[in-house]
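Asker: Generate the whole structure from the sequences, applying the supplied hints.
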Amino acid sequence: MPVNSWVDAARLTVTVGHFGSGKTEFSVNLALALGAAGHPFALADLDIVDPYFCARECKSQIEAEGGRLIASSNACFNADVPALPPEVMTLFDDPKLYSVLDIGGDAAGARVLVRYRQQMINRCARVLCVINANRPFTDAPEKAAAYVKSIEATMGVSISGLVNNTHMCEQTQTKDILHGAELITEVSSLTGKPVVCHCVPQEYIQKLPLLHPIFPMRLYLKKPWQD
Amino acid sequence: MKREIWKGSEAIAEAAIRAGCRCFCGYPITPQNEIPEYMSAKMPAAGGVFVQSESEVSAINMVYGAAASGIRAMTSSSSPGVSLKQEGISYMVGAELPAVIVNIMRGGPGLGSIQPAQGDYYQATRGGGNGDYRTVTLAPANLQEAVDLMFDAFDIADQYRNPVMILADGLIGQMMEPLVWKEHKPRNLPPKSWAADGRKGRDHNNFITSLLVEAADCEAHNRCLEKKFQEMEDKECRWEEIMTEDAEVLLVAYGTPARIAQTAAEHLRKQGIKAGVFRPITLWPFPARRLREIAEQRSVKVVLDVEMSLGQMLDDVKLAIGECKPVRFYGRVGGSIPTVSEVEKAAAGAYEEVK
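First to last, the sequence lines map onto chains F and P.
The first sequence begins at 1 in the numbering used here and counts up one residue at a time.
The second sequence begins at 1001 in the numbering used here and counts up one residue at a time.
Calculated from the structure, these hints are not laboratory results.
All C-beta atoms, glycine included, are put in the ideal place defined by N, C-alpha and C.
Check before you lean on any hint, since a few could be wrong.
Far from chain F by the CB rule (all over 10 Å, computed), these chain P residues [unchecked claim]:
| id | residue |
| --- | --- |
| 1 | 1045 |
| 2 | 1048 |
| 3 | 1052 |
| 4 | 1061 |
| 5 | 1069 |
| 6 | 1083 |
| 7 | 1110 |
| 8 | 1132 |
| 9 | 1184 |
| 10 | 1208 |
| 11 | 1217 |
| 12 | 1234 |
| 13 | 1290 |
| 14 | 1311 |
Below 25 Å or equal to it, Euclidean Cα-Cα: the simulated DSS-like pairs (lysine-lysine) are [what the hints assert, rightly or not]:
| id | chain 1 | residue 1 | chain 2 | residue 2 |
| --- | --- | --- | --- | --- |
| 15 | F | 207 | P | 1002 |
| 16 | P | 1042 | F | 143 |
| 17 | F | 223 | P | 1270 |
| 18 | F | 222 | P | 1345 |
| 19 | P | 1042 | F | 149 |
| 20 | P | 1345 | P | 1318 |
| 21 | F | 222 | P | 1270 |
| 22 | F | 223 | P | 1002 |
Answerer: Structure, rendered in structure tokens:
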């Protein structure tokens, strides 16, 4: 069985989580993984909370791999306008299209999903909650579990699984990921949600043989001074 | 120490609370909305007051009032919002009130864009309000420095009874970075015997005002302020030197462009051009003396100032360096960020030109 069989286990994936959990990096990587698995794919940027470091900045990388990026119109590309692009409906309606919907942080960001609640339920969308144990607001199982609950309460749809994306931006070490794995296991028992995967920078894959399933990640949203 | 991942704006807000800030008044504006948002969530639990005011003008005047009572107070905004606060800042300098003002800069002029910029250098260092006044202006380049400087900002403000400005570009407000919460040694600060916090057995009332009707009184007051400004210039200047010992091309940049300049300098060294970076941390007082000394090094052939503006710090760089070495400029504006390769090209071009 391939390690990442979970990747395309659902046609629609919605990523939620706390600010700074790395939802967007995870969403971009997942969208590209869907493409690499041979599916027509799309990434929708539905983050109406954050003005910078959004999935829409990865348009060229997504399109280079044959994917489609759905975001607010070009007129709003650099504006924090809380407008949702109408093309999002394509993701629910096209039965062949695999897609990732990247949602803004916290319950505030998840509020946009209320608009798509019925479509998400009808199309059996999977909702993944991304957790970074190095964020001070989700650094204890109870705190992370509270976020899971508050996001669920806002969007009115159940979270299907948890993603351990414990990182230190470009300074992530294997101990960060292992620490996150411990925390997310406890969050899983508190919430009853399964752990779907552990995100690991590509260069660390060999260093974490006991962790599974792992999801190899590349950083796409780089800061302007990073090579 | 435990490292944590923080978003810039929320880290700045948390640092302020840890530094003893107990009053935040502000009005939302991108890209710094997380500061008031965080304050609204956390300030009450810290025993402080959060007010979302009806405008930036009222926010700065509420800070004036809070500071007058002797508590640590701050406001934050982004460029157009900080423009609205200028009158209040001038009044606070005149009334000798300590406070911290955070400006997370975005593209201008006017409403401009919500992307990162550095177009408010003149406003911060020259003063957008009226009268002869100065505000110590601190410019962090990373989130660790941003939180460390918040502690210093409140201390400097209290020490000199003068507002202090944190001037950061939008990237500092919006990006995520690891940081640790260091033990901060507070300065030995004078008691706030001047505060309007009740009579408390004093034989006089404490009046706080910037109004001095008699010209002679007003001049005397200005001379007292002048002494304080001089002391700030003497004691509060800060900067960082990166690979400057043998630099042939000296890049000067503050805030996140300094990090872009540093990557560019590292690349240039691999190409055989010895580049270094001089990063002012205080924009006022500007570290002119040290910049001049480095520019005078025999190795330095040319100085390249890099900003997210049309060239505002450039004035201070030229004042510091004078005619001693040629000064060139590279800037992007309106929310566009200089790339590493653009800075490399500009530096290599300047080097070729003067070689």
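Asker: Against each hint, give a clear statement of whether it holds in the structure.
Answerer: Here is how each hint holds up against the structure:
{"no.": "1", "hint": "1045", "result": "holds (14 Å)"}
{"no.": "2", "hint": "1048", "result": "holds (19 Å)"}
{"no.": "3", "hint": "1052", "result": "holds (16 Å)"}
{"no.": "4", "hint": "1061", "result": "holds (27 Å)"}
{"no.": "5", "hint": "1069", "result": "holds (31 Å)"}
{"no.": "6", "hint": "1083", "result": "holds (19 Å)"}
{"no.": "7", "hint": "1110", "result": "holds (15 Å)"}
{"no.": "8", "hint": "1132", "result": "holds (37 Å)"}
{"no.": "9", "hint": "1184", "result": "holds (18 Å)"}
{"no.": "10", "hint": "1208", "result": "holds (37 Å)"}
{"no.": "11", "hint": "1217", "result": "holds (48 Å)"}
{"no.": "12", "hint": "1234", "result": "holds (33 Å)"}
{"no.": "13", "hint": "1290", "result": "holds (23 Å)"}
{"no.": "14", "hint": "1311", "result": "holds (19 Å)"}
{"no.": "15", "hint": "207(F) with 1002(P)", "result": "holds (23 Å)"}
{"no.": "16", "hint": "1042(P) with 143(F)", "result": "holds (15 Å)"}
{"no.": "17", "hint": "223(F) with 1270(P)", "result": "holds (21 Å)"}
{"no.": "18", "hint": "222(F) with 1345(P)", "result": "holds (21 Å)"}
{"no.": "19", "hint": "1042(P) with 149(F)", "result": "holds (20 Å)"}
{"no.": "20", "hint": "1345(P) with 1318(P)", "result": "holds (21 Å)"}
{"no.": "21", "hint": "222(F) with 1270(P)", "result": "holds (22 Å)"}
{"no.": "22", "hint": "223(F) with 1002(P)", "result": "holds (23 Å)"}
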